[in-house]
Amino acid sequence: MHTLSLLAVSLCCAVAWAQSDPADTLPADPIDEQSQGEIFNADASRWSLKDIARRDITVYWENDGTVPNLVSNTDRFYTNGFGVELSFDPGFSDELKAKLAPAGEWTDPRFGFGLSIKQRIFTGVDITDPAPAVGDHPYSGYLYFGFSFQRADAKKHDHFELDLGVVGERSQAEAVQRFVHNLFPDQDTPQGWSSQHANELTINFSYDRTWKSEPGTIAGVEFEMLPSVGFDLGNVSTRARSRLTFRAGYNIPDDFGPASLLGFKDHTISRFSQGDPECSIYAYFTLGVDAVAHSIFLEGNTFATSRSVDSEPLLAQAKFGVAARYKAFYLGWSQSFETESYESQPDAQTWGSLVVGCSFGY
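First residue of the sequence shown? That's 1 in our numbering, and the numbers climb one at a time after it.
Zero decoy hints are in this set.
30 Å max Cα-Cα, derived DSBU-like pairs, lysine-lysine: (1) K156 x K97; (2) K99 x K155; (3) K50 x K327; (4) K327 x K118; (5) K97 x K50; (6) K155 x K97; (7) K155 x K327; (8) K50 x K99; (9) K327 x K156; (10) K156 x K99; (11) K50 x K118; (12) K156 x K118; (13) K97 x K327; (14) K156 x K50.
Please keep in mind that the hints were generated in silico from the structure rather than gathered at the bench.
Produce the entire structure from the sequences given, and follow the hints as far as they go.
Below, the structure written as structure tokens:
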């Protein structure tokens, strides 16, 4: 508490000093033209939290049950995901933009960053079994805060993200699943959480580079392709990945693909701003492959003994979906398919996703 008080006092003093009139504390010496230029350049590169503006809020939900999964009705493996994310315009000056995206590599760059809180839940093949088999998917929960920074121009997009969180009982995964299942009498009561992973603090870094093809039009329908590569590094997940997305529709937005809980949302552009068409809709299809070096959800805790299974080194994914926008409001749905993630997994998995969003300042 004393430390926080000292920090608060220091911050107030710094703000007061920054807002004070220099004439009250410094002699009024003459300033030559060179000094004036240096002061102007310093002002041009100065940035503060006051320059930040809100762009969008996005809510994610993923589940392997009947809603939003339209293909099957299961309750196993990756069984639920939920998240809330805020997008911001950092309001960088032109000089700062040039430093973060050099002119030789980027043309008319734009920037954004996001803050999110997300949770993922993993269970065994049969949640009514109080003693899951040795080769069954471990019970695990993951609760984390995400901090992301992005830069983009017309042809490419970079996404950097740092996730800080916890795996284990403190992720509240068991509590969330039990609460939701108790709301619906026809739902089974989860029984296997006594075997879940131990509590562990987590840190994970991820990076993705996405490119955009030249857009095309056939019979009034717009289309484009979005290839991407990326990687994760940390005690939650270490892997490399590649994706290829094809989308087609009307008034396709100038972003780098649909928002995704397991992927990212383009923070460098608002979903809707004045002058944009009122409506936008497109369908998309994505193929992907991951080379997996580590997954805490399968291989268990880093520093404690916990249940584990042998993970598959390669994963293949396929996803199709629809994204629509009316003015400031956004709605997306998708169906995902993934090959077996561990050696004793009985079959592949599928889950559905819903994304709802709204732009600020409309």
